[in-house]
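Novice: Chains as they are written, first to last, in our numbering: chain A, 1 to 336; chain B, 337 to 672; chain C, 673 to 1008; chain D, 1009 to 1344.
Keep in mind the hints are simulated off the structure, nothing from the lab. From the three backbone atoms N, C-alpha and C, an ideal C-beta is built for every residue, glycine too. One should not assume that every hint holds.
Said to hold, decoys possible - Per label pair, the in silico range of CB-to-CB distance:
| no. | chain 1 | residue 1 | chain 2 | residue 2 | range |
| --- | --- | --- | --- | --- | --- |
| 1 | D | Asp1100 | C | Lys951 | 19 to 29 Å |
| 2 | C | His809 | B | Glu482 | 21 to 31 Å |
| 3 | D | Val1064 | A | Ser54 | 33 to 43 Å |
| 4 | A | Arg9 | C | Gly749 | 48 to 58 Å |
| 5 | C | Thr952 | D | Gly1056 | 20 to 30 Å |
| 6 | D | Glu1083 | B | Arg365 | 39 to 49 Å |
| 7 | B | Thr616 | D | Gln1063 | 23 to 33 Å |
| 8 | B | Glu482 | A | Gly132 | 29 to 39 Å |
There are 4 protein chains.
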Amino acid sequence: MTMEKIPYRPVRDELAYTFGGRMPVAHVRAGDLLEVFTEDCFGGLVRGPADLPSQVCRMPYLNPVSGPFFVEGAEPGDTLAIHLASITPARDWGVSSTFPHFGALTSTSHTATLQPALEERVWVYGVDRRAGTVSFHATETDHAVEMPLDPMIGTIGVAPGGFEARSSIVPDSHGGNLDTPQLRAGATLYLGVNVHGAMLALGDGHARQGEGEACGVGVEIATTTTLAVEVIKGVPTAWPRVETDTSIMSVGCARPLEDAYRIAHHDLVGWVESLTGLKTLDAYQLVSQAGRAPIGNVCDPNYTVLATVDKALLPPPEPAYGGVHGRLRQLAAGLG
Amino acid sequence: MTMEKIPYRPVRDELAYTFGGRMPVAHVRAGDLLEVFTEDCFGGLVRGPADLPSQVCRMPYLNPVSGPFFVEGAEPGDTLAIHLASITPARDWGVSSTFPHFGALTSTSHTATLQPALEERVWVYGVDRRAGTVSFHATETDHAVEMPLDPMIGTIGVAPGGFEARSSIVPDSHGGNLDTPQLRAGATLYLGVNVHGAMLALGDGHARQGEGEACGVGVEIATTTTLAVEVIKGVPTAWPRVETDTSIMSVGCARPLEDAYRIAHHDLVGWVESLTGLKTLDAYQLVSQAGRAPIGNVCDPNYTVLATVDKALLPPPEPAYGGVHGRLRQLAAGLG
Amino acid sequence: MTMEKIPYRPVRDELAYTFGGRMPVAHVRAGDLLEVFTEDCFGGLVRGPADLPSQVCRMPYLNPVSGPFFVEGAEPGDTLAIHLASITPARDWGVSSTFPHFGALTSTSHTATLQPALEERVWVYGVDRRAGTVSFHATETDHAVEMPLDPMIGTIGVAPGGFEARSSIVPDSHGGNLDTPQLRAGATLYLGVNVHGAMLALGDGHARQGEGEACGVGVEIATTTTLAVEVIKGVPTAWPRVETDTSIMSVGCARPLEDAYRIAHHDLVGWVESLTGLKTLDAYQLVSQAGRAPIGNVCDPNYTVLATVDKALLPPPEPAYGGVHGRLRQLAAGLG
Amino acid sequence: MTMEKIPYRPVRDELAYTFGGRMPVAHVRAGDLLEVFTEDCFGGLVRGPADLPSQVCRMPYLNPVSGPFFVEGAEPGDTLAIHLASITPARDWGVSSTFPHFGALTSTSHTATLQPALEERVWVYGVDRRAGTVSFHATETDHAVEMPLDPMIGTIGVAPGGFEARSSIVPDSHGGNLDTPQLRAGATLYLGVNVHGAMLALGDGHARQGEGEACGVGVEIATTTTLAVEVIKGVPTAWPRVETDTSIMSVGCARPLEDAYRIAHHDLVGWVESLTGLKTLDAYQLVSQAGRAPIGNVCDPNYTVLATVDKALLPPPEPAYGGVHGRLRQLAAGLG
């Protein structure tokens, strides 16, 4: 198979703000390598301390995604495998902010209180691809810190089912604003297909992000993201799953946070069961001792928790989804 | 200073089931090295598949702790630093189980449903100190897995304030059943002192535990745990904190799980502020990008989440609590 | 003004399963009296004990709504007032059921556990309009109980903003599946308008319902519901509000349940402030002592709690939304 | 039987701040009528706008209870029935307040945020027993409102089990700070006995309280409360239950709020089952349509929700707990 490299760079009017309810911007096939420019969550409009998000951005034009891409052959009941081959910061800076009534350590529209809102403020970070660093500069003192660059895609998903269209701010079973650092280059994401063509879209790159995205905003960047897709026919996937060379992960999206944990672990127990032949309670027991539970976000409309286990701590599992992760990884590597 | 090594091995009747409301079993001083035998969470009564916890154990005689130890010089308003010098499995086996109406993937006394309870079952693990492994054996198939031994103390705390006595099952601001893998050898735990003598107690060792302790039970072991203490006078500590050579961590205990996350991150932001000189919003921003949020338990009466940041990702911090972690670590190493 | 009575009875293919994303079925104006047939939440397909919902219904064809109706003159930023003039059961029976993984006393897709699902079962109720009763018959014994008939509309809303389309199962700021007994005849519902024409739809009648709809399903009925609308220009409404002759109510939709409580009370405090001239903390204090907090549902994707206060317990309030409730009530009464 | 009227008025040093961990102040028997003076939640120290609770009160000396009373014949495994014969305000005023980091519409020690705290403020209410009114006076404007006097006991409970002692601020299965308006005169409260003598205590009267106690504080009053007790031997009670002439209620205490709802409804379903002979799913169905779910508090360490159903909407139930409510009600009436 010859892989075709398809570049896609949206103009501003092409950006999408929902999963579902949109016409596709392009068609892709298994074997294509899609190279997508993604704008940052502020649409590139926050560039300095004076650009307060609440002033330069206008709801609902936040967290734009590039797409949707119509995936040939994807039908409801299938699974779409999306391998993130590379995520490259598109600029030499990123931004973060506090945001009125958004974030884990402030009252919000839903955890509503009568207190004054937290101050809205912008932080500008340096992003140095060569050095592999992200530079934090304090705003009130002259402290500075270098952190490792660890690019990730915050928002990636397909159209939801049930004739729904969901804001790109929302993470749920269709993917969306998962906001987990686990979606870095080298990972393969599995999403259940709900509509003809799947309608894949992505955006919201982060140069890095702490677990939970406490302040509500990562180090937001535009990216050039390269990905390859494959459709696993006739295999449904209820909740997003992630595979890397060393581990498998299930993603739960819900409030309260313990329900996100429950969804992810319930799904992972079933996945381990099916890959290893362990019976349910044995799989539950093994995941309970061997698993980790990295938190994605604790700020979005649904919170995100992952349940993950190292393949090396499982009875030798059969390849997930027929070995698609390995296949796409090799393909992508060949073109890298 | 000459360190005195104080061994303590409780007889069955000396085991405690609360923090608070008990007379001390021994007195310790800064400079002492306390070597404590801790029984497992089942009081050692679950030794095989036939020993169902609900039959061999009797409420409230679960999760025994060894202690309390009266710490000389500890007064309300002080902080007790407890360095875990070593945690050694006391037997060559551990046990785990499912438990009726306990655990993250079952209904419970509080998340009450009308469904049948999950089956109660016991798993026996091999614990090989020399090889550094924990051996899982499936109960319904013949699968087996070796996992790294990673001993931790599940329950450690002081007497709570406000004249309370709390079950050893409960994690809260006084410590208690925190159930986090971060409490391994090499860590220093900081707890606010609420009563004269602090009244330190510990137990509930795990050979290892997944994040969240999904099934409600780790790989439960008896241990010999060696620890050293110091009292930081006049410095209060609101929520448990942990320090290792490389990181600082704040512990939140609450339901729902997001409140445990909030408590931990709120505390860590304040701690980072005080150690680095960053102002509040700058510290919030830095923790949001640099922090991790390992989940402790999602099964106990309060859930546990930690907020942690690597010291290397902070503006050079001053030593926490006057450098007590380094001091106790060296002392313990000298005697090791 | 002459009121026009507009009857609307959808054929099966006209039923809608989302708010948003649909073309209007009819246009209505202030002054019209709309008489809508609403199917029950099962599309009328569950008629006896053998009609298990999971077998006779097919996702996402659950909880159909009649509409949407395009309301002339309604623009984003306006408020739509909907007066429920009458809700008449359309048949002499209703049904309820338990449902696999749905309801407050069972694990669900989100509060996911490994236990067996609760049994799915159907209850058929007699509905006697003349006697004003709903008859419960036990399925396993021969007990029977008469309860007062108290018809309500479970699902009523407008298209959401942000280009979203939401399942009719979901309650949120656009209304939707609020599932509160407070939406009985005589009440006026206020909803913020998000799209041109508002796009009002309704369905899911209940002959009666307990607070919280514990089993996930009310006494489900088809209805003929008569309503009148008015557009309040230039006045936004963030969360659904309800007015009766004697009280005002704010509706919060969220998980966990306390956030629904917070939203509702935060909104009611602001509403009381604006109607009475009380300052914020005084309004908070008064609502804290005088208010009630009836729970709507504890089973839907968002839970619903109302905050309500009797007008008689407030400093004499000015008429809400310019007195539209009284106006529509009189109009409807005149045509009754 | 001749009823003995036992008056008890604690001096300040006798007030208790926990359930459990205290010696009894008096012994009572079935047939006694106990007349208890209860101090308000501030220990009577907040008497005007200048008496800010955080300044005049000192933790943990908040929410004092009178007692504990040793109930003759009460043993673990029994149920204590407590009939509230009368609750009389002891003064002609009451107070309420906002409180730093306490209440439903503010961040708290657990829902921790970085925002400034809500302002602390005191409201003084007039309490007119003869007129049956509670008078609200705004602090920033000259508005005033009369509300019906509806006296209740906020905190009543027994010693918890498991060797615990719990702060009087906490509601849980032992009762405690339930903060529900349903505990007014005429109600009988059932509590499971955990220790020899039960150790009953009570306090925290409210002249009235909104559902949820949104601001964290009711209209706090000292009371003279008259009650009668009876021990139901050999009948355990897992969660608090309340009976009135017309209804039965189960009380759930937990976070998040939906777990309080679940506990209460799970318990009520079982109670209805045992009183009526309905089978579980039938009882679940009936409670789902006939029940109400009044919220108690959404501010205390555990939130409180009640599940209640009118006796008239049940298949004729047998008298609860052998008819003790009727017996105590008559006895109390005879002495009234």
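Novice: Look at the Cβ atoms of Val1064(D) and Ser54(A) and judge whether their distance stays inside 33 to 43 Å.
Specialist: 40 Å, holds
Novice: Does the Cβ distance between Thr616(B) and Gln1063(D) fall inside 23 to 33 Å?
Specialist: 25 Å, holds
Novice: Range hint 39 to 49 Å: satisfied by the CB atoms of Glu1083(D) and Arg365(B)?
Specialist: 43 Å, holds
Novice: Given a hinted range of 20 to 30 Å, is it respected by the beta-carbon distance of Thr952(C) and Gly1056(D)?
Specialist: 22 Å, holds
Novice: Okay, Arg9(A) versus Gly749(C) on CB: inside 48 to 58 Å?
Specialist: With a Cβ separation near 34 Å, Arg9(A) and Gly749(C) fall outside 48 to 58 Å, so the hint is violated.
Novice: Lying within 19 to 29 Å: is that true of the beta-carbon distance Asp1100(D) to Lys951(C)?
Specialist: 26 Å, holds
Novice: Per the hint of 21 to 31 Å, is the separation of the Cβ atoms of His809(C) and Glu482(B) within bounds?
Specialist: 59 Å, violated
Novice: Could you see if the CB distance from Glu482(B) to Gly132(A) stays within 29 to 39 Å?
Specialist: Check passed, 35 Å falls within 29 to 39 Å.
Checked against the numbered hints above, the structure breaks hints 2, 4 and satisfies the rest.
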